[in-house]
Each structure stands twice: as C-alpha cells, then as structure tokens.
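Participant: The whole structure should be built from the sequences, with the hints applied where relevant.
By numbering that gives the first Met the number 0, the letter at position 466 of the sequence shown is numbered 465, and the numbering carries on one by one without gaps.
Where hints are given, some of them may not hold.
To be verified - Here are the simulated EDC-like cross-link-like pairs (lysine to aspartate or glutamate), alpha carbons at most 20 Å apart as the crow flies:
(1) Lys321 to Glu340
(2) Lys406 to Glu420
(3) Lys739 to Glu677
(4) Lys406 to Asp418
(5) Lys279 to Glu370
(6) Lys209 to Glu246
(7) Lys685 to Asp611
(8) Lys428 to Asp465
(9) Lys568 to Asp531
(10) Lys300 to Glu311
(11) Lys213 to Glu165
(12) Lys321 to Glu345
These are calculated hints, taken from the structure and not from any lab test.
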Amino acid sequence: MKFSAKFSFFCVLFFFFIFHGIAQVNSLSVRDLSTVHIDEISDEDIEAYFIKAKENGVSEQNMYRLLLDKGMPREEINKLEERLSKLSFKSSNNEKKSTQVPESTAVNPNSKNRYPDADSSRIPSQVNKIDISIFGSELFATNSLVFEPNLRIATPAGYILGPDDELVINIFGYSEKTYNLRVNEEGSIYIPQVGPISVNGLSMDQATTKIRSKLASTIYKAINSGQTSIQVSLGKIRSIRVTVIGESKKPGSYTVSSLTTLFNLLYLCGGPSDFGSYRKIELIRGNQLKRTVDLYGFLTKGDQKDNVLLQEGDVVRIPYYKTRIILNGNVKHKGKYELVEGETFENVLQFSGGFADDAYKAGITIYQLTENERKITDLARDRFNSYKPSSSDSIVVGKLLDNYENKLTIKGAIMRPGDYELSQNLSLKELIVKAGGVKEDVYSKRGSISRLNFNRTPVQVSFDIDSVLNGSSVILLKKNDKITLYSIFDLRNQNEIIIDGFIRKPGTYEWAENISLRDIILAAGGLTLPGDLTKIEIARVAENVDITELNYKQAEILNIDLSDTVAMKDVILRPFDIIHIRQQAGYTTRRMVFIEGEVTNPGRYTLKMSGDRISDLLERSGGFRPNADTSALIIRRLAKKNQTTEDRERIFSKILKIEEDSIHSNQTIRKEIFKDYENISIDLKKALNERNESENMVLEDGDVITIERNTNLVKVSGEVYFPTIIPYKKGTNLKYYIQKSGSYTPLAYKKGALVIYPDGKAKKVKSFLFFRNYPEVVSRSEIIIPQKSDRNKQRISLGEWSVVISSLAIIANVIINIRK
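Facilitator: Structure below.
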C-alpha cells in the first residue's frame, strides 16, 4: 500500500472517531499524526470531515485542539485552517452565524496569520475570520477522563439510598455478625430474625440510625448497653439514569453510577455546544429547578460547590447563552467569554487572567454590532469597572508601543556608552559625567545630538565638547536624544601595508610608526623557500606628482637587498607601501609523473630534465612486460578549463548518435567523457623509433602514463545482428568482423562504419562507385556501425570530430577494461 493510500485511510479513521464522540477517542489504536501532510488531502475530503464534525457537535477550535493532541504538527494545522477559510462551504456557514459572533474581528490565537502586533497598539477589524475558542471549552476537549467518578472513596454523607444499593452491616463486640444486604425494588433490606427495614430515600446517617434501633429492639439488645456495636457502610453501588437536554454537544439519556456528579455528566455529554451557556446550567429534580450551576467558579477558582451528586431521574438542561463577547489581543487568555447580568469588562479581564506584560493598559478598542452596521468604541481605563459589554462585542487589547518616555542614548568615545534615564533639566555635561567621562582619544572640538522636532522631523545639534565640559556651554537634553562623541581615529585614514609574493602569510597589515621591512616580513611569517631576499620590491606612493606631464610618475619603486646579515640593512615603511617578494632566479619546482600498467617498474618518477620525453620515462621504468601492448599508450593530463559543460554536452549528444547503446546507458563511460583531465593517445612505434618524433611527447607535471595489456580482442557494436567482442585475427579488415557479428541490420548506415584504433585514430569505409575499401583492424580496436537516420546527415565540424574521436578512444579503453 502506498503512503498516500495509507494516509487517506488513517485520516478517515481518525476523523471518524473524533466526530463520533470524544470518549471514543480513547479507544483509538492509531494515535500519531506527526507525519500528516494536509496538502495531500483534497478539498472534497476536508469538506466532508468539517461537515461531519459540525453534525456531531465538535466545534472547529476543538477539532484543532484534538488534532494537536494527536501529534499533528502546528504547521499542518495552520495549513488546515487556511484551507478551511478559503472553502466556500465554510464561508456560507460563517454567514449564517454572523448575527451571533462578529467574526470579522475574531482571531485564532494559534493561527500563523493572526495580527502580529509588532508596532501597533490597536488591531484592525478585518484581522482574521477564524473563530477563537470559547472559554472553558478546552475542559471538555481533552482525551483524559478527568471527571470520571471515583468509586474508591468513603460514602458521601449526603448519599441517598435506593434500589440495587448494597449495605454492609458489621456487628462486633459481645456479638459478631456481618450482613451483605441488597436494597430491593421496594426500597427495603431484609435481616433474618429481624424482618424488612425500609431505607429507600434515606441518607446513610438516617439509614444507620434506623437499622441500629431495629436491631437493638430485637436480637441484639446489647447494643443498648454498649456491649455490642454496629457499623453500616455502602458496598456495591447502583446505577441511575439521568438526562441531558438543551445545547449539549451530545444530549440524551445516560446510565451512570450513583456516585456520578454533575461535572462528571457534563464531561460525558461533551459539555455545552457552541451556543450553550457555561454560566446558567440547570439541574432539574422532581420537575423542579434544584440548582443553577456557573462553571466559571470552577474554571477560575476551582470552586466545586456546584459539583453535586446526581440522583435517579435528574435532568441537566443547558440553555442558550445570552451574552457572549470576544476578548483578543494582549491578554493572558484570549477567547470568547460569557457574561451574566451586572458583570463589567473588569470581570472579563479577571476571567482572562489579566493584561499581558506588554499590554497597553490605558484603554481598549471595542468592535460592536448595531442593527444596521458596525461601530468602534474606545474605552478608557477609568471606565473598565462600569462598562457592561453587549452580546457580540469584540474587545481588543492593544500592545504597548516600543517607546520610552525618558530615554537617552550616548555612544562613541565615552567610557560607558548605552541608554540612560532623562531626569528633569538634565544637561549634556551631567550625562557625560554619569557615563564615566570621555575617552582619551575623543575629538574634543565636535560632537552631535540627533533629536526629533515636534513635527517628528529629524534635526542635528552640534556642540564643542571642551565648551560643554568647562561649563561655558550648557545644553539641556530632551526625550530620545542620541548623543555621539567622535574619536580622533575616526577622522584619520586607515593606514595599511600590503605584502604579497613568496611569503608565508601574504595580506594587509596595519601600519605603525617606525615599522620596518624586516618587521613586516616577520609578521607575515617569513619567506617561503623560493623567496628571494636580494630582490625585494617596494611600491610607494609618489609625492609631488605633476599630472600635467604626458608620462608622469605614478609610484616610487624601491629595490631592497636584505641578504647581507652583517650590515643588517633595513627600510622604514610608509603608509600604503606595497611589498613584493620575488622568486629566486633559476629556482624550479620538481615535476613528477606516474607510470602504470604493463611496465617492469611502475610508480612515480621525478622528471630529471625539462625536456624529458616518453621514451626517457619508459627506459627508466625498465621497459615493457611480455603482455604489454607496445603499439600505443595513453597519457592522462590535467584538463584545461576552456571547455564549458554545454560544449561537452553538445559533443556528447553527437556521440550518442553514433553509438547510443554503449554510451548513454554506461555511467562509467559518461564519467570518462566529463572527467577533469584529458587523455592523449600515442603511437608507441613512432614514439620509440626516433627521439624527436612528434609522438614522443615532452612530459608535463602530473602526467599519468598507462601501458595497456594486449587483449587481442576487437569490439563490434551498433547496427549488427550480434554486437560482441571477437578475438583479433592478424591481416583481417572491417568486413571480416562484421560478418562474424552476423552482418549489418536493415537499419545500418554502412557508409558510416568506423574503426577506432587504440591510439585514438579512426578510419571509415571508403566508397568509389560500387566498390568499398574496408580499413584494416588491429588488436584492441573498436568497430562502430551507426544507425541509418536523418541524424547521420548532420555535419560535424573538424574541431568537434577531433573531440569525438578522442572521446571514443577513451570509451574503447574503458569498455575493454570493463569486459576484462
């Protein structure tokens, strides 16, 4: 199964469990969504998931929280939010709900598209159209049963007995006896020799008193004297049936234990829906309103006074909310908050945990809905405790501006640069003293202050530092002033010396007064081996130049000899001198070559003479081995970087037209063509016959000479019926090997038949009238029969043919080596 198929199956399974109840998620065996990629899900699938979630009472925000709990990366959840916000079906759903929630001002705190609040204290109304969560909804979105009834506690004092409860009666003292008695359908327990005792509707304390009285008056009379004691406890508990109605995510009837509380039931039913109230949940018992529950007491203070035990037949009703507002911006907990009558914005602020540290606390912005349109209200701090929000208000708390009311900045040639407090009537002299005073290198004739005018335009104020410090000039500072004290070194040129050539650490060095040539050579690590102390050249800036002359002097050149260690001559350098260290006359680096293959002593050799040739190296290496191919050799020489990749590709494509099967499919051959060195094929017979023969090349540093083994094989490829390798037969020509390969195929281009020799040269079939002259074939040759097509008609330049032939010679050698 492919990954995409697995992913689709996994997503369908995951959403199926989520949209069929939170309690069922706990039984889901597949829990990891860390590898989910939203981009791989179609819009149709996302629409189906979203609609299914809404039908099962799961809000969009709760869906995001559940996906996050299951390990889905935050980036993928943000992608899902963006996809949902763009789909038309969601837009229509939002329009239907616009009378309830002002979604134009709602912001998802987890969305990467939320308003950044970087430098603004207010948030525009068109920020984001994705709902933020309802305060308290996260309590019912978790996967852990935090409100599961605890069955291992002592029986609550207010517990009311009923049918199917089990009472455990322990009698100890003068008499000892234990009774495990079930309350029957009539609400009674039966004690042998005592009779039935009705306990239905009694609390545990009441039932204990009644049972003690009955036993003391019958068979256990020692109870009255205290010689016998009795203890009544609850054994097995019964199940009760309760009902949830109204705006619950999963309304209906529930069978629960008799120790279930109201909060347990709210969790089982998924809590209030998107339109359900958190502040006025009703507990109806015996057709009468028993209690009105406000969950905010538990959510904000942990108060569980409303977490009462449920009884058989209880009905929990969740009504619609009446007033709900959106609180967004720089508060500790953004969300939708429900208000009851009489509550103000100060109460909302307490529910949210208060302002964030960087919040703008002097005022807030309220986006409201009227009967016809929207409006904005600015609310000052003194009205927080009196303003009573209306339903659908969207309240935004801005961010504190990144401004300081009393900040100064001083920098430059000052002991302690940085930010300082602006106190009343603070002068520039007082600030300099507070900052530790000026440095020794301060330029005392000039400093500057950058400040802003009342219209926010910048202005520069200059001052004399000496006048400020001696008190003759008093400058009072203003808010956000930036003071700069300059250094005398800021006004000087950056004096440098450059040294290059045969020196260990060439580069640019700082000039200093009285620095000498020997000093800078030592600082640069000294001369390298080829460096010449006798011919050091210093290029110095020419002074008093007459540029009106046709050939005026541009620089002074000094030639220095430091080789005389007795005299210890030296030169004092000036700024901007350029020193060149030359190479010693007659110094040459050693050149080395490598010979490999079928010679007596292969290995690395140092060239003795500048004109050493192939014959010289073969003589030093001991000559050929018996199996060597003495007709040709190959020299690998470092390639010149004058051929672009495009040129090689173009030539390579033409080679493919000649033999596509043996080149394009063989990565080894392709690597050979695009290598960083060039191969030179040599005719050894000519090279060894005469020293000055052109084939007897002069060797270069880094050359690798290869003497191949004589394989006595010929390769035939291309348009023949049986491309193969055939043993070499002396005196035969191309026609013989074509016949051995099964002859030409109908697609063969016979005139283009080509023989590539081991030395890189090539010959093709020559035709005259009806006669054909087939070239001779030698050992280690390759015969290529191209295919008949329009490509054969394309002309190749002479320069390109030379590269093609050279490349094919390389290919022949590589293929033969591969076959070996």
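Participant: Look at each hint and say if it fits the structure.
Facilitator: Each hint tested on the structure:
no.	hint	result
1	Lys321 to Glu340	9 Å, holds
2	Lys406 to Glu420	5 Å, holds
3	Lys739 to Glu677	34 Å, violated
4	Lys406 to Asp418	7 Å, holds
5	Lys279 to Glu370	27 Å, violated
6	Lys209 to Glu246	43 Å, violated
7	Lys685 to Asp611	17 Å, holds
8	Lys428 to Asp465	10 Å, holds
9	Lys568 to Asp531	15 Å, holds
10	Lys300 to Glu311	29 Å, violated
11	Lys213 to Glu165	18 Å, holds
12	Lys321 to Glu345	19 Å, holds
This entry does not satisfy hints 3, 5, 6, 10, going by the numbered hints stated previously.
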